[in-house]
Every structure is written in structure tokens, then in C-alpha cells.
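*Asks:* Residue-level listing of the chains:
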Amino acid sequence: MSTPHVLLGLLSAGPLHGYDLKRAHDQRLPRARPLAYGQVYATLARLARDGLVTATGTDRAAGPDRTAYAVSDAGRAALDAWLGEIEPPAPHVASAMLAKVVIALLAADTARARDYLARQRAAHAARLRDLTAVKTAPDATLGDLVAADHAILHLDADLRWMQNTAGRVADLHTEVHR
Amino acid sequence: MNPTLLSARALHHSYGHTPALRGVDLDIAQGEIVAVTGPSGCGKSTLLHCLAGLIRPDSGQVRYRDTRLDDRSEAARSRLRRTEFGVLFQFGQLVAELPGAENVALPLLLAGASRRSAAAAARSWLERLGVAAAADRLPGEMSGGEQQRCALARALVTDPAVVFADEPTGALDSLAGEKVLTELVRIARERGTAVVLVTHDSQVAAYAGREIALRDGAADPLTLPVGGAA
Ligand SMILES: Nc1ncnc2c1ncn2[C@@H]1O[C@H](COP(=O)(O)OP(=O)(O)OP(=O)(O)O)[C@@H](O)[C@H]1O
Ligand SMILES: [Mg+2]
Numbered sequence: 001m002s003t004p005h006v007l008l009g010l011l012s013a014g015p016l017h018g019y020d021l022k023r024a025h026d027q028r029l030p031r032a033r034p035l036a037y038g039q040v041y042a043t044l045a046r047l048a049r050d051g052l053v054t055a056t057g058t059d060r061a062a063g064p065d066r067t068a069y070a071v072s073d074a075g076r077a078a079l080d081a082w083l084g085e086i087e088p089p090a091p092h093v094a095s096a097m098l099a100k101v102v103i104a105l106l107a108a109d110t111a112r113a114r115d116y117l118a119r120q121r122a123a124h125a126a127r128l129r130d131l132t133a134v135k136t137a138p139d140a141t142l143g144d145l146v147a148a149d150h151a152i153l154h155l156d157a158d159l160r161w162m163q164n165t166a167g168r169v170a171d172l173h174t175e176v177h178r
Numbered sequence: 001m002n003p004t005l006l007s008a009r010a011l012h013h014s015y016g017h018t019p020a021l022r023g024v025d026l027d028i029a030q031g032e033i034v035a036v037t038g039p040s041g042c043g044k045s046t047l048l049h050c051l052a053g054l055i056r057p058d059s060g061q062v063r064y065r066d067t068r069l070d071d072r073s074e075a076a077r078s079r080l081r082r083t084e085f086g087v088l089f090q091f092g093q094l095v096a097e098l099p100g101a102e103n104v105a106l107p108l109l110l111a112g113a114s115r116r117s118a119a120a121a122a123r124s125w126l127e128r129l130g131v132a133a134a135a136d137r138l139p140g141e142m143s144g145g146e147q148q149r150c151a152l153a154r155a156l157v158t159d160p161a162v163v164f165a166d167e168p169t170g171a172l173d174s175l176a177g178e179k180v181l182t183e184l185v186r187i188a189r190e191r192g193t194a195v196v197l198v199t200h201d202s203q204v205a206a207y208a209g210r211e212i213a214l215r216d217g218a219a220d221p222l223t224l225p226v227g228g229a230a
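Residue numbers (UniProt numbering), protein chains in the order written: chain A, 1 to 178; chain B, 1 to 230.
Okay, chain A solo, but in the shape it has when bound (with noise of 0.2 Å):
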């Protein structure tokens, strides 16, 4: 993910201050890493600095935390290229999880396996719960199904993956140990 132009993109809606810019981020993209003031501070100075954002509104003189920001037409041609390209296509699915599984069976044994798969289970399950919350909201949007939707089907795949994996535990404990 690149973060510089998310923030483009979310300021293309209208200019917005750092810290509502930071707020906007956290709500759209949940199951991104919640940034940090600091980190979108410095990311709003580079965009500044390489003309593809430009500060506005009055209290400029204010400090960095009352300016607002605006996408420049450079700023706008290179969300449209980010835009235009795929992501990798990747397998997030947790190599770290799978990485536990195959550790526990080596180290200990298929228990061990099986509860690390059990706390993680209720551990997705929960977060699952959360965000299925988020959509059941007497005044959920439209917006808030879309970016919930996105982290509960990747949480669905992980949980499968936890499933079927529980289920092949003691045959992957033989396979590790030949």
C-alpha cells in the first residue's frame, strides 16, 4: 500500500488538516495500519514539497496541524496513475500464522498447534464480530458496508484457512517430523 497516494486520494474529496486527513484514513481503510500523526505529518510535506499537494485555507500561519490541504493537478495525474496500476498479487494470508503452526508442530505438538489455532480462531472471530457490527448500525452507510466488507472477507479466508488446517494438523505433524 502506498501511503502517499491514499492521502491523495482521500483529499481529493476536499482539502482536510492533517489530523482529520489522519481520522479520514483510519475510518476508510480499517484494516490498514491506523497511521500515525508524525508519519502523516512528513507524508503531507513530501506531497508539499513535490508540488502534488499545496497548503490553503487561512490560518496557515497557525503551524502545521491548522493547515488544510488540497490536491495540485500534478497531485491529481498521480493518483490517476497509481490508479491505473494492479497490485501484486500477493497471498497476504498470514505467512506469520502459518509460520506459528509449523513451529508449535516442530517445537511441540499437534496441542499445541491446535490451541495456537484455537486463540486465533476466537481472536478473528471477534474482530469478524466487530466489523459485522459496523453493518448492522441503525445508520451504517454505504461507505461503511464497502470498507467493512473488504477486512471481513479476508478475515473469512484466513478463519477457512485456520479451519482447514485444524483439520490436517495431525497429518501435517507427521510430514513435518518424517
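Hint data in this document are derived by calculation from the structure and do not stem from the laboratory. Heads up, the beta-carbon is just placed ideally off N, CA and C, and yes, glycines get one too. Every clue listed holds true.
To give an idea of the interface, some chain A residues facing chain B are shown, with a C-beta separation under 8 Å as derived from the structure:
id, residue
1, Arg119
2, Ala125
3, Thr136
Keeping the supplied structure of chain A fixed, place chain B with the ligands upon it in accordance with the hints.
*Replies:* Here is chain B with the ligands on its own, set in the frame of chain A:
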């Protein structure tokens, strides 16, 4: 936590020599939305049928408020089901010969409501669920999603205390399923209706506040509980 509405103790049930439930205990509070999950054949539907009084377990107790369901006659259970319970199955199970509004009105008519008030209630439920156009169409003239929303209207029309739903979105694509589940959950929250939602699908189970996982007819020792504390 609200008071317990429905509970089961040591439920056992077999079909011939096939055991389906081997000692299930659970408590469902008023207004609680609970998912019953687990792999195919683990006993989810059998549990739902016992809880809803559709079958009598071989042994164990099912209690709804102050009433034991497991030792009641079919007639008594059926009376209770008519007014207190709503059911929703995977394939709507609408009466094929009746248009949507008449299908939805059916439980009210069976409970003794007047034709006019039942028809009005049926139409207003269909409207609330976004399928007003299904009122005058036969089930065969509706899409699967429309049929299912019609079946949901029928499950809700008596304002039941519990809705039992067995894979209610199993035959729908995910957006049509989302509509059914979102409405079910919103209405249940508004009215304080308890829901028992049987599913093998994590995405569907996530609509519930709590999950009860079964394996081979009993609570799954390997599945940590999700939800319920809050
Ligand atoms: N009417 C029946 N006659 C004989 N055996 C049955 C009957 N209904 C269910 N069974 C058996 O009882 C067990 C539990 O079935 P049940 O339908 O409750 O499972 P389930 O969890 O709902 O499965 P699924 O996810 O496939 O719907 C299974 O072994 C099944 O084959
Ligand atoms: Mg079933």
C-alpha cells in the same frame, strides 16, 4: 444481562442408531442473538428443532420461560410456537400456492387475528423488509432473496420472543444474505427478540453476539467462546 428465556440441559437425541446430540447445555437470554456453529452433521439443526419444540429430545430438558417443552404434547408445543416463536429455514418454505402477503399473514390467521388486520400487518412487514412488491406475487415469481425476506416477514409477523433461523442465507448470494441478516439483527435489537442462528459460516455467525460451537453433538472443546461477556 437479561433473564434467561430459553434453556437446555443434558439434551440427548438420536435418529435410530445415529446419535445427533450427546449432552448439550445452554442458556439464551431475552433479546440475545446466539449463533450455533459447527461442521456439517454436528447436530446444529437437531438442537434448533429441540429448542423450538419441533421435536422432542430423547432425554434432557428444554425450558422456555416457565414452561418445559420436552414433556409437552405436540398440540401444546405447536400452540406455543405459533405465538412465541418464529422460524426461518434455508429455503423459505413459503406456501407455493399463496401470494407473499397471504404467506406472511398465515401465522396471524392461525393465531385468530381478523383477515383485515392480518393482511395489513403482512403488508407493513413486507414493506419494512423492502419487498412490498412481493405481496401479490407467488413464491415462484420471486427471487430467492425476495422469498427469504418474505419468509423473514412471516417469522416476525407475530412479534415472537424468539426467532429460530437455520442457515437462513445458505441459498443466497452474499449481498442478498446481508440484507436478510442485517434486517433480522436490526429488528431483533429494536424489539428485544432473541435469535438462534444456526450456521456453518463464520461470516453469518459474526452477526450474533455470541457463538456456541458444536462438534459431534456436544460443545466443541477446541473452540473458545466468542462474545457473550459484553
Ligand atoms: N431425520 C434424520 N434421520 C436420520 N438421521 C438424521 C436425521 N436428521 C439428522 N440426522 C443425523 O443426525 C446427525 C446430526 O444432524 P443435523 O442435521 O442436526 O446436523 P447439522 O449440524 O444441522 O448438519 P448440516 O450443517 O449439514 O445441516 C447427522 O449425523 C445426521 O446424519
Ligand atoms: Mg442443518
